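Could you fit the two chains together into a complex? Lean on the hints.
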Amino acid sequence: MTENNFNRRDFLKLTAVGVAVAAGTRAIQNVEASGGSKGKHQWAMVIDQSKCTGCGYCTLACQAHNDVNPDIQWNKVLDAGEIDGKKVYLARPCMQCEHAPCVEVCPVGASYYRDDGIVMMDYDKCIGCRYCQVACPYDARSFNWENFDGNNPAVPEWGEPEVERRPRGVPEKCAFCYQRIDRGLELGLTPGIDADATPACCVVCPVGARIFGDLNDPHSNVSQILKKHVSYRLRENLGTGCRVYYLPADNDVVNEVVEG
Amino acid sequence: MKSIVKFMRENIFTPWGLWLGFLGVILLSALVAGITVFWKGLVITNLTDLVPWGLWITIDLSSIAVSAGAFSLCAGVYLFGLKRYAPIARTATFIGLIGYTMAMLALVLDIGRPDRFWKALVFWNTHSLMWEVTMCVMLYLTVLLFESMPIFASLEWLRKKFPKIAHKMESAHHYAPFLAIIGLGLSSLHQSSLGAMYGVIKARPYLYKPEMAVLFMFSAIVGGIALTLFASMLSGRLTPKAKVNDILIERVAQFLGYLMIGYLYFRFWDWLASRYTYEPGRTEAYHLLTTGSLSFNFWFGELIFGALIPTFILLYRPARLSPFWRMLAFAMIVGGVIAFRFDINIVGQLAVISYLPGQATVTYTSYTPSLVEWASGSGIIAYGLLAFSLGVKYLRVVDHRLTSEEHEVVTVTSRETANA
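First to last, the sequence lines map onto chains A and B. Okay, so the first sequence: first residue is 1 according to my numbering, each after it adds one. Okay, so the second sequence: first residue is 1001 according to my numbering, each after it adds one.
Covered stretches of chain B, as calculated for chain A (at least 3 residues, CB under 8 Å):
id	segment
1	1034-1044
2	1049-1063
3	1111-1121
4	1193-1202
For the record, the hints were derived by calculation from the structure and aren't laboratory data. This structure is a prediction, so every number in the text was calculated from the model and none was measured. Even for Gly, the Cβ is constructed at its ideal location relative to N, Cα and C.
Just chain B, same shape as in the assembly (with noise of 0.2 Å):
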């Protein structure tokens, strides 16, 4: 009796073991919520005719757009020569693979037919925006799958077990640059494309405007980086298990801040543009956003806690300097992204414009999610967290000492100058 109660003192009642247990109880309801799904059918949403897309895409377009750090920060590593924020990328690459992963979970759950996914593959039409977001997330999945394979490799019982295939794995990072520019070339093809999917829809007047790519490509790249910066600093304050440094993060920091004012300029001359004019169906949408149903989540999520507030932490120095308010300042960061996701997803297909002859006239739509798209959307979140706590924990997945064994150097001496 003695020696269970030691037993669970020792390892079920730390925060570990409560932090797997909490995980385990979300994972568990969302796999009875999926199977519910499966079994019913999406009858069992409350999804509609009129709003075919709900939680689940915004938590697949969320999960696309924070995984950018990974193409960003590897493209500023391996292309422009910052190699010494190397480590960064590495945990950026683990938060990419992951987040794709998660993204694939919810469109699998959100497709009508998941046992026809392949046919996404074998099928083309290359007309369709979706087809090339498809296309470049499979083939980008790939390269992420190649990049992490040097992550894979720090896994003790591999190295152990199997010397040679962690050997062979970790050889992968001498085509990292290659896989940085593959890598750089489908995601921005893809962020933005899924903003351009979002951008060519002539019936919803909100989001037919041909800036959504740019927004969703910028939003992306800070919102990755974001994360990326706040999942290190967080595991480097809970676990010894990951290493930070903190320079290192406050240089990318800084450069975030500057991005977000790229990213505030942006969205500033979306809004003065779109917003210039009466126009049916748009104005309507944007009157949700700014007195409506979406208001809150439009000011304090997307813009002023989103956005404002964190790039003045980000650009003014004392602010920046404190670990706390740069933290807070990511996270704030990473919950605009979302907001804003989710507000682009659900602006358009609430305020639909109607067919009938005459006068444009408006309707309103409504949604809200269902239990079990919570419940299996948690269960999504839950998993992209679980992957995460176990790469830290096993796979040192922050650990900015990682610098040298990362990649060889080849010195190229000049050519002599000939003396005449």
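This is chain A alone, in the form it adopts within the complex (with noise of 0.2 Å):
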């Protein structure tokens, strides 16, 4: 074929059939990107910030249990302001979005959602391109700038490693303590009420402030706080759908005042 017969319609129709591959192929792409809500449990966790006194454990308990470098924390504890004297904190584990920008994002599929609804990463796929770091709206990633070969001073105090460190060039993150739910449902236990098979900064935390349980479940106790309490999640306006519901601080009195 010489250029002469190969003219703009061509080119045209060209375009046209590989526009419309395209397109179809992420139609396609977007009806599976459900966000793991198919799966028989929907986990979740109520963080009451009314009982939070800031103590940071959970951050400890995390780190031993996940054998995070001392210098990440997948769970952060901020200041957030005061009410009527008393400080108030936001503890932020990550949101496991029903939406999650960091999965839709990832170019690899390192990131990814599991049925029940956890943001899990594939550490030996990530090739650590940080697009998702960028598109997380709640920070909750962090990238192993350099190796983590030392000792983990959180360790034995706060609790025994139980996942698999994680090698440099790669970003991290909390999923939710995956393996405890795992090998409780396993050993018949019930995530959320079994200590063993909840995730650890909510067995540790002191004084109840973390709550963890199944949505798919009328009766855990995730659904019945949700039920019972006036609640709301970070940066709802995004619509990125998060797994981690806070109860404000001044809670009795926004309850009283919803109840009339």
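See below:
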């Protein structure tokens, strides 16, 4: 074929076909991106800010059980101002979004949804491009800028490592202690009730400010609490659909107003 | 002793020898820096969890952008039939090839696990714009390699030693129109999705806007054409190896001037629409651009010197006819596009919106590239300059006399009209 009989119309046809194929693939992918809400369980966490004292035990327990570099915190405890002279804290694990920006943008699919809603990281697949970090609205991902090969200062005081250390060059994040949930379920335990099947941060919390459970089970403590109390999620306007709910620090006041 | 001095004077203390020496020093220090990065990891950069994309990504974005001359000029020549511009498309193709390999180098430095680079090709998340960019860039690099075959075939050594191979490589130009179509498709896709990659980031209010794709596409086209023309004119001035047809360049320059009007049009409405009302995070990022740490870059780099003045030069005939002012305008457009890419990448990461409940508060982060980042980054640029210089010297990359041999012309006679 010489260029004479390859005219503009042929070119437009070819382009149109190309665009249609690309759009089709994208559409299929959109249908598949359901956010992992099809599983039997839907794990969620409720953090009660009226109880949280900002002790930071959750962070330490997390660092021990997940063998996290002391420079990295999967679960951050932040100052969130004060109410009536009492300091307020905000503990922030990964939100396990239903429409997780990190999962959507990851070029290799190293971030993915489990059927129970947990947003997972495949640390062997990740190429370390850090697009997920740019995309995460909650700053929930930390990059392994260097190797963590020293002792973990949180071990053994705060627990024993249950997962493999991540290598240098990949970002890491909280995954609701999926290893504890999976092992617990195998043993016939109920996550959220039995300590051995519940995320370490919830188990260690001395004031019971972190509650864990299954949203699909109407009798679970998270379902019950969310039914009774006013709760909010972080940056809800983004529509990420967080699976971490917060009870506000002035929760009693709010509830009185709501319930009249 | 005398002969050594003579040798030095004739071979090393020539402009060419000094130029190679200069690039060699930069490349050597970049090699050291690069090895240090692979050995020590990204901890020696100034990148942080809040600003994870820095200088290297800017280099990556910019070299992809200024490579866009390849697809736009090839499309003009082979699809819209502007055949007399074929030699300029040849230069653009070669620059494109260099630019894309520069981007690859920048990415290899930047990703945390360069050893897993191949995984980007094997594991697909088709929902990710970065996946799309990766695929298109890889495929387009292949297209560019094919498109550059006739260029590599003009290497004297190859012609003498392996005439058959050289001939085979040269015959790749028969497929130029097809390659131009594929190139146009792939480039349009990924130049825009490179912008969309930023445009879909909800977390960063400054970046989250649909026009990002259009702005990237447009800025790439003007930057790519400008770099091609600038490099051609500069080589024409510096070496007799480069043969430049000033009339051709002047024509494209005028066209570029009109394109710049289009670019400025998009920039203006983007600016107006996104600054119209207070939006937490976005407005603060704009303040960084217009009055803050990036204001010089924004006003002078991107707009005044980067777009307005060169547009005026290219559209004002007496200025355009002067080779000096025209060259200056090209250089300014390239600089403007690079400044634009730098600002886009960095500003969205500098003004971060807090996730604390209540009123959206904005926190500021900071980033200054470390010495290692500068050293390795300049190495990537030095590699690009070296490759282009060698191309001009040995591959006749800038040779505007090469017109007829590039393409055979097939004459098609129209059907005779029947006589009644």
